[in-house]
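Student: Here is what each chain is made of, one letter per residue.
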Amino acid sequence: MKVEYRVYLGIGIFVLIVTVVYFFWAKEYGGAMMLFGTAGLGLLPALYLGWWKRRMEPRPEDVEEATVAENRGAVGAFPDHTIFPFVLGIGAFLTALSLVFGPSTAVIGLALIVFAATSATLESRRGGTV
Amino acid sequence: MTIAEERSELAHEPEADAQHGPTGIYKWLTSTDHKVIGKNYMYTSLVFLMIAGAMAMIIRAQLVQPNGHIVSQQMYNELFTIHGSMMLYLFAGPFAFGGFANFILPLQIGAPDMAFPRLNALSYWLYLTGGTTMLMGFFVNGGAAAFGWVSYAPLSSYTYSPGPGPDLWIVAIILTGFSGIFTAVNLVTTAFYLRAPGMTMFRMPIFTWNMVVTGILILIAFPILTAAMVMLYADRHLGTHFFTVAGGGSPVMWQNLFWFFGHPEVYILALPYFGIASEIFPVFAKKPIFGYKGLVFATLAIAGLSTGVWAHHMYTTGTVLLPFFAALSLLIAVPTGIKVFTWIGTLWGGNLQFRVPLLFALGFLVTFTMGGFSGVMLASPPFDFAVHDTYFVVAHFHQVLAGTAIFAGFAGFYYWYPKLTGRMMREGLGKLQFWIAFIAFNMTFIPQYLAGLRGMPRRIPVYLVSDHVTFLNQVSSVGAFLTGFSFLIWLLNLWISWRRPIPAGDNPWDGHTLEWATSSPPPHHNFTSLPPIRSQRPVWDKNHPEYADYTTDHDGTPKKEVEPR
Ligand code: HEM
Ligand SMILES: [Cu+2]
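Quick note, the sequences are listed as chains S and X, same order.
Residue numbering for the first sequence follows the working numbering, starting at 1 and increasing by one per position.
Residue numbering for the second sequence follows the working numbering, starting at 1 and increasing by one per position.
No lab work stands behind these hints, which were simulated from the structure alone.
Here the structure is a predicted model, which means the values were calculated and not measured.
Errors might be hidden in some of the hints.
Said to hold, decoys possible - Here are the simulated DSSO-like pairs of lysine-lysine, each with C-alpha atoms no more than 27 Å apart in a straight line:
id : chain 1 : residue 1 : chain 2 : residue 2
1  : X       : K27       : X       : K39
2  : X       : K286      : S       : K2
3  : S       : K53       : X       : K293
4  : X       : K431      : X       : K286
5  : S       : K2        : S       : K53
6  : X       : K542      : X       : K293
Chain S with its partners taken away, still in its complex shape:
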């Protein structure tokens, strides 16, 4: 977890420095805002990863001498096949098209989205990740 954390931390700190330099040199607020937001996009995940790093034993994948057999237990549960991502995608497509051709397609689209999102959630609660 340490390296993952430092990758994000490094990007966050670097962009923060760029932000400060830009803010005082260019005196232009739009760009400074965008840079500041970007620094946040580095620091927020760093915070999360750092928080976990402190609370976790090094995982087998962080240990140089770990053997493959140390990965006892399930790596994760993976669905083999499911139709709901497709349904969700078509729903999103129809909904987005309503921005161009008027609201009629959105009716079907939103219905598909609601149906697929709930079904996928139920499906993954029976086991598996989303």
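Following the hints, position chain X with the ligands against chain S.
Tutor: For chain X with the ligands alone, kept in the frame of chain S given last:
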């Protein structure tokens, strides 16, 4: 539903489950296997490459003579807009981070799948529908979007670009934007949480590292693009005035938003291909990669710097702090140069095997370096003032972008095709394709530098005899047609390998990284067993114990890593 159980070094029964579950079209619609989705992405994006390439052929045909009449002015504008948009948003990016990364990244770190398989499938469907949406523009009243892939305000406003075509373009970008964001979440999470034991971050293959950094950059850049698109749509239809002077908005704000996405985007398009080249050079030089950590830090430095250079696309607006952006733009050439030197260092003194993947990777190295040099020239404001919006810029970004995506892209395709399918492509045809493509590509774009220096502006369908660019354009067009022809050779090669397969075996190139430790194509959930991971090259170590990157105890248990020899 399968639970991927512990992956011990003892192979369990090789599961005959690659075929279980649905088959045919229903399998294609419902699969959440990263390998199926990765292949879907690859072939879809290659179809988009062909379509956008055909548009380029029409554009070049129009420019063969000074006053071409092949297409109307309006049609010309639509063609270069959709050509650029498809190449960037629908081919170069998704081919790499949707196609290669999806298929290869989990294999390289010893994972059974992506972290979020359903989200992964959703990404693909958003990408496919988004791509379709963009093409629909040609079939509606008023035609497709015609304001360039950068969609500058006020040209993209409803006044100057009425009709549904531009709206379809906006919707297409929003859909593919979400698709890219979801893919990025998947890539970063997978690399952070699903690595095999012993696969520490600093043992990840460079390709995987580059995909992690690409993912981070996507998560920074794409949301801004999507937000900008929503604002543009609101300006067009909901009466807001973000980008209209009349309502108190600012057209230059569009440029700021767009390029804050746009420059990271060019590295989102480039880094994955750098990763592909970084896999191919060591394997075909029979050496470990030179300067592994240097490459990783260069990649991270590029990511950090690329967020601070957006306004080098806006020098001529007169609204930006020139020294700041010129300095950062020149700085970004440093890590880029480090990469070029580590690649050369990897090749140096190596036992080079000039197979098709290496040839394409070398083609990438040459064109990219040329384009990089013209990029450094452009980063200097006085020079840029002279050539901004001329064909010089067109040549620059085709050498860095198209050269990268095409040469490194095909390098990766030839390199991993055996893993994808269990078959080889024909060497001879591959070499023929390479040489035609390489010569023709440079024949297309080097004259464009010269045309640009003579002042030929980009995005115009006609020019004058007195501009003295006719000959340059003719050379360029012939080069473009030949480049197009080289793709037909590739299609032929693909067709032959489909009809008369040559079995590839699991590890035809004597590869270094984990994807070569499993069968070709890999089984469901990828691995029945994994070799011990003790260095950056676990498969090499296993196959060449005498040259392994670590030492062992007397009883053969791995002891410690040594400096790669
Ligand atoms: C060596 C580092 C690089 C530097 C210093 C650099 C610099 C520049 C500059 C200053 C421009 C603006 C020219 C103008 O509009 O007048 C430009 C345009 C462009 N660059 Fe680069 N570049 C570099 C690498 C790349 C890479 C790696 C890519 C993509 C893989 C890329 C893609 C583009 C594109 C697409 C444009 C055209 C944008 C448009 O349509 O206006 N560049 N580059
Ligand atoms: Cu740029």
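Student: Against this structure, judge whether each hint is valid.
Tutor: Evaluated hints:
no. : hint              : in the structure
1   : K27(X) - K39(X)   : 13 Å, holds
2   : K286(X) - K2(S)   : 32 Å, violated
3   : K53(S) - K293(X)  : 22 Å, holds
4   : K431(X) - K286(X) : 20 Å, holds
5   : K2(S) - K53(S)    : 6 Å, holds
6   : K542(X) - K293(X) : 23 Å, holds
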